[in-house]
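Below are the chains, spelled out letter by letter.
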Amino acid sequence: MEFEFRRRDYEADHESHLLPRSRTLKHPLSSPIASRQHQVKTVRGSEIDFFDPLMGLDVNVSVEEEDTSLSIETVTQELTKEWKSLKRILMQRFPVSKVISFSPVSNVVTKGSKVETPSAQPHLEETGGERTCLDETAKVMDQQEYLAKVRELIDGITKAWQAEDRVTSLKLSIKVTKLLMDTTVLQFYPTVFVVVTDMLDMIGDMVWERIKEKAEHDVDGTVICTLPNDFQASDICLEARETCYNWFCKVGSVRELLPRIYLELAILPCWRFLINQPREVLDRLVMMVRGLADPLASLYCRLYMVHRMQKLGFCNSGYLIKCIKDIEDVLTPILADKEGCSYITDDKKLLFNLMEPAIEYVMKCLLLTGRQENNVLGMLEELGFGRNNSQSSENSSHVSILLHHLLKELPSELVSSQAMEILRMIKCSKDCSFSQVLNYRLLGSKLCEGRSQAGFLSSFVNEVMQAASQYQALYDYLRIMDAYVDLLLQNKMETHLNALLDDIVTLARDKFLSEEEQASLQSIILKLLSHFEDLQKVLSLNHFIEILDLMSGTSKKIVNMHLLSMGTRNGFCICESTTVQLLFEVSQGLYDATDFVNIKDDDNRQTSHLISRFVEMVDYGTERERHLLFLAECRDAFNGIHELKETLVRSSNTLAVKALKAGNKHINFVKSCLAFSEVTIPSVTIPTKQLNLYLETAEVALLGGLISHSDGLVMSAVECLENVTPTDGLKSVDADNMASAVCRLCSFLVMVPGNPEKGMLEILKSIFSATCSSSWAMPRLKMKILCAIISLLSTLSQDNLPYRSANPEIIGNDLLFFGDSSYKNELVSWTQLVVGELVEAIEQETSQIARGNIALEACNCISSALVMNEKVSQLCLRLLETAEGCLGAKDKYLEATKQSLQL
Amino acid sequence: MTTTTTVTVKLSRSNRIYRSSEAVEGTIVIKSPNSISHQAIRLSVNGSVNLQVRGGSAGVIESFYGVIKPIHILKKTMEVRSSGRIPPGTTEIPFSVNLRDSGESIVEKFYETFHGTNINIQYLLTADIPRGYLHKPLSATMEFIIESGRVDLPERPLPPEMVIFYITQDTQKHPLLPEIKTGGFRVTGKLATQCSLQDPLSGELTVEASSVPITSIDIHLLRVESIIVGERIVTETSLIQSTQIADGDVCRNTTLPIYVILPRLLVCPSVFAGPFSVEFKVCITISFKSKLAKAQPKSDPTAPRLWMALERLPLELARTKRDQFSC
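Quick note, the sequences are listed as chains A and B, same order. Throughout the first sequence, residue numbering follows our numbering, covering 14 to 916 in sequence. Throughout the second sequence, residue numbering follows our numbering, covering 7 to 333 in sequence.
In case anyone wonders, no lab produced these hints; they're calculated from the structure. Among the clues, some could well be false.
Unchecked claim - Taking CB as the label site, the calculated pair distances span:
(1) A/Lys172 - B/Thr132: 32 to 40 Å
(2) B/Pro100 - A/Lys172: 34 to 42 Å
(3) A/Leu240 - B/Gly190: 33 to 41 Å
(4) B/Glu322 - A/Glu222: 54 to 62 Å
Unchecked claim - For lysine-lysine, the following BS3-like pairs were computed, each having C-alpha atoms within a straight-line distance of at most 25 Å:
(5) B/Lys16 - A/Lys335
(6) A/Lys227 - B/Lys16
(7) A/Lys263 - B/Lys327
(8) A/Lys361 - B/Lys16
(9) B/Lys196 - A/Lys338
(10) A/Lys324 - A/Lys97
(11) A/Lys338 - A/Lys377
(12) A/Lys263 - B/Lys287
What the hints assert, rightly or not - Just a sample of chain A residues kept apart from chain B, beta carbon distances all over 12 Å, derived:
(13) Lys94
(14) Ser98
(15) Arg223
(16) Ala310
(17) Arg437
(18) Ser472
(19) Glu476
(20) Ser565
(21) Gly676
(22) Val763
(23) Ser807
(24) Glu856
Using N, Cα and C, we set each Cβ at its ideal position, and we do this for glycine too.
Kindly generate the complete structure, drawing on both the sequences and the hints.
Given below as structure tokens:
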């Protein structure tokens, strides 16, 4: 008994399987605006306190403006945090391990490890006795060792305190504090500072607690009172005040200035037990620090003072300003030598490095306090801002490191309003403590942050540019102006922008740009690129191309990448020929700078992706031949990019389809396109992609009525299928894709008219044999392909094909072989062959569940393709048995299949 | 529990400071493991000025005598309990002693407590418990501190009697290093030379010029004790305390504060009594950078040296009325 194909009426099937349709009045995705408005109204009406963070932008603004001042609590919290991070910075930036030299260590440390028993020595001995310690011959000691000793001493302090031996505690802490007098090893100073001030903070807390305890409890431990947080000095009992004053006496009797200041600062908060207004105390302390001549020691001492003032809760900007002025007084003589000119030496550089974190902290503190007092402007005036220009510029010149950190902390709105003044100050501060260029830069970036008033900008920028060009060096000029580019762009200052570009070209002419200069220039260009949405606008800027040509190396590459991504990012076609030309050159530059063959990393992938995207987006419109030429050029130019090949083929196919749509007269152009594709495809390395591209091109050929081309392409596809070897490293996903591609090929073959000369089923045969012999196709995939072939055979046997080529000149097989019995017989015999192979493939599947499932799939395919005669039903039963053996009788798929077969 | 009997005198004030017009109050604390009998418990108050002359400034003959007969300020004995027995455990016997008799009006003689080199003004409370011939008598002594209790004490703050000083190479009476002498220097300032004991010594100092770098500026507090020994006056000046106010070559023309908290007990109001006097002085020293300074061993910091400039100023210390917040 022979196989017999089921008769199919595709149209009827289509109709019966259609979902019932009904008209709708409204688009389901259109927004129901009316109802939403209604909702909002109800919410407002019922006064539910609902805040949409995305909504009330204007509400936010008004809140901000109202509350620019900070509460004392926030300032305190903020500064406590800052202090912690400052300590970390000091330890990290100047790590002990990096200091190679040994520090001469005074006897304080070497002697101090043994705790002296408190003796009844007269007062003078007690405090003045240590005096000579530091003068004695210094011993050399490793820094780690030194720190260990110091920590040991500090341990001694806590132990003595716990043993109620406060005299010893105090004595030891004086000793430890004296370490800060030694600035011989500069790099080591910050570490010592952190260790010592930690100890001092600890002592300060302990003394505070002790006096508070005395104020709250009497000798027997009965409670006298509980002090509120904002207690007054009058709340404190005499006893506690006595003890407190005694501490100040003890500390005050230390001979040396530096430890005396530090220790008083440690117990500074305790002044609250004695007086309500510690103004005089703070005034005096600020002045006392002036007695320390060493610049580093005095700066760090001021740093600690600011920290402790904060702890006392009485840190107003007045003291801070005094401190800063004093710092300035100390720094000025360091900066200028006798002739008055400022130059940097390594020593000074180190010194300023060490000073920077401290200055930064003091400035932060100043600005926070100023904001809390709501008096930032007044504060600045006191610091010498806004002084009339009538005064000589020397008077208003500031040490640039101070100016820098002040500027860094200033709120950007304030910088905007004071920009001219700040600029003038930067101009005046030319000392070596901080680079003036960086100060100009900082001003620029601050201005970009804030909302700047356009009024003065023009003259302001003129002045900046003038100042920048005074440097002569291109690098300095670029670095300064880099910070102002955004400002120019934001405020649409085109004349200035043009002038800037002019300047750059003038300065860079006939020069090879160094790496730093490249980097600065790169930053400027990128700012321009990110500002303008349209590449055209950037290209039309003065000298832009010329400036691009200045770039080389990595900077060039980065700029090119940005140019390319900018050209392709907004999804519009690139039509302008100059733009295409530029981007092509840019791509070429990128391509030449990248090694696509040997290195495959993310960077290269991005580059190749950008280039492919660019090629894809180029559109010459009706100049299709020019376009095809362009594609050919690209193929030559970017030979190493695999991704691009695919794009090229697709583009050329698209061109062919466009030409076809435009009318029949372009058939030769279509042929050239197909030829281009056909030549390009073999260089695609991934077989699946190759297969798909052949198929796509074949579809285009068929659409153009070029049957021989189409046949050729399909044959190439099949060859490609035959040539796939497992050594190609086909992964299972690729194999799956391959199988899908083959299925797609089968679907395509429905439309392709058979060639009676070569044998009507020539292509099908080739696919079949390639599948059977293939080593990549696993039984599961083999089954899939074979089922597709069976379906194809069944479809071809119908009197009416389900679909046909869009080109009316192509005649389908249904008409070509209508009533041809040999054709039908061939189909049937081939079906037998395929079914045999199919059954075999199922047997080969090793996994039980998979075997069961593919048996059922095959069974369904066969039953839908063939009439259920005895032979077919036997076959189906066999398959069902296999499935039952593998899946069990209760499998749902098995049951459903059985039901549909009615067996 | 201890096996020995202890006696301590506890004063009502922990700082032990009393005025001469006030009664000194406290308790005698006796801790004893067993009951003891005694022949009355007596408390005596003793105030005296002890004078001694020693060392170089005194003549050979005076140094033979060494201690000069002390001047008695006060001597009183009272019985706080008549003879009897004290039960075992802790017994506290309160007492209250009026330093001045009711009719007495002369209070000048109650000099304030002072511990100096040659002069010691001291007030002691002693508790004695004689226990007959068979037992050792028990006793305990406690010092208390007298601050002037005069009603006519000046109010704080004292009128600031500022003395303006200037120190240059030309004001120095001792030889200076040639480079200091020729280079020149000028340090000016002011100092309150009348000062309440409750207040710190205060003033200002400014380095206006100095060609040789400065290494240190110190404020030394000195006491001058004078004793009449026979026909002569023996005067001894000694250092109480040094306070550094400038460390290193400080900025020119910036004002540095002078601030010295007066150490308690080591100072007292300036006294000019008949047989003795206690006065105070301030010595400002400016040390210049010099190789000689390093080579010099530790010695009297107020002695004139080649690399140092000095200025001595008198200082009158006075007791002022306690105001509400002072300590």
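Hints and how they fare:
no.: 1; hint: A/Lys172 - B/Thr132: 32 to 40 Å; verdict: 37 Å, holds
no.: 2; hint: B/Pro100 - A/Lys172: 34 to 42 Å; verdict: 39 Å, holds
no.: 3; hint: A/Leu240 - B/Gly190: 33 to 41 Å; verdict: 55 Å, violated
no.: 4; hint: B/Glu322 - A/Glu222: 54 to 62 Å; verdict: 39 Å, violated
no.: 5; hint: B/Lys16 - A/Lys335; verdict: 50 Å, violated
no.: 6; hint: A/Lys227 - B/Lys16; verdict: 20 Å, holds
no.: 7; hint: A/Lys263 - B/Lys327; verdict: 23 Å, holds
no.: 8; hint: A/Lys361 - B/Lys16; verdict: 62 Å, violated
no.: 9; hint: B/Lys196 - A/Lys338; verdict: 24 Å, holds
no.: 10; hint: A/Lys324 - A/Lys97; verdict: 14 Å, holds
no.: 11; hint: A/Lys338 - A/Lys377; verdict: 15 Å, holds
no.: 12; hint: A/Lys263 - B/Lys287; verdict: 21 Å, holds
no.: 13; hint: Lys94; verdict: 32 Å, holds
no.: 14; hint: Ser98; verdict: 30 Å, holds
no.: 15; hint: Arg223; verdict: 14 Å, holds
no.: 16; hint: Ala310; verdict: 8 Å, violated
no.: 17; hint: Arg437; verdict: 26 Å, holds
no.: 18; hint: Ser472; verdict: 39 Å, holds
no.: 19; hint: Glu476; verdict: 34 Å, holds
no.: 20; hint: Ser565; verdict: 52 Å, holds
no.: 21; hint: Gly676; verdict: 93 Å, holds
no.: 22; hint: Val763; verdict: 99 Å, holds
no.: 23; hint: Ser807; verdict: 105 Å, holds
no.: 24; hint: Glu856; verdict: 99 Å, holds
The earlier numbered hints that this structure contradicts are 3, 4, 5, 8 and 16.
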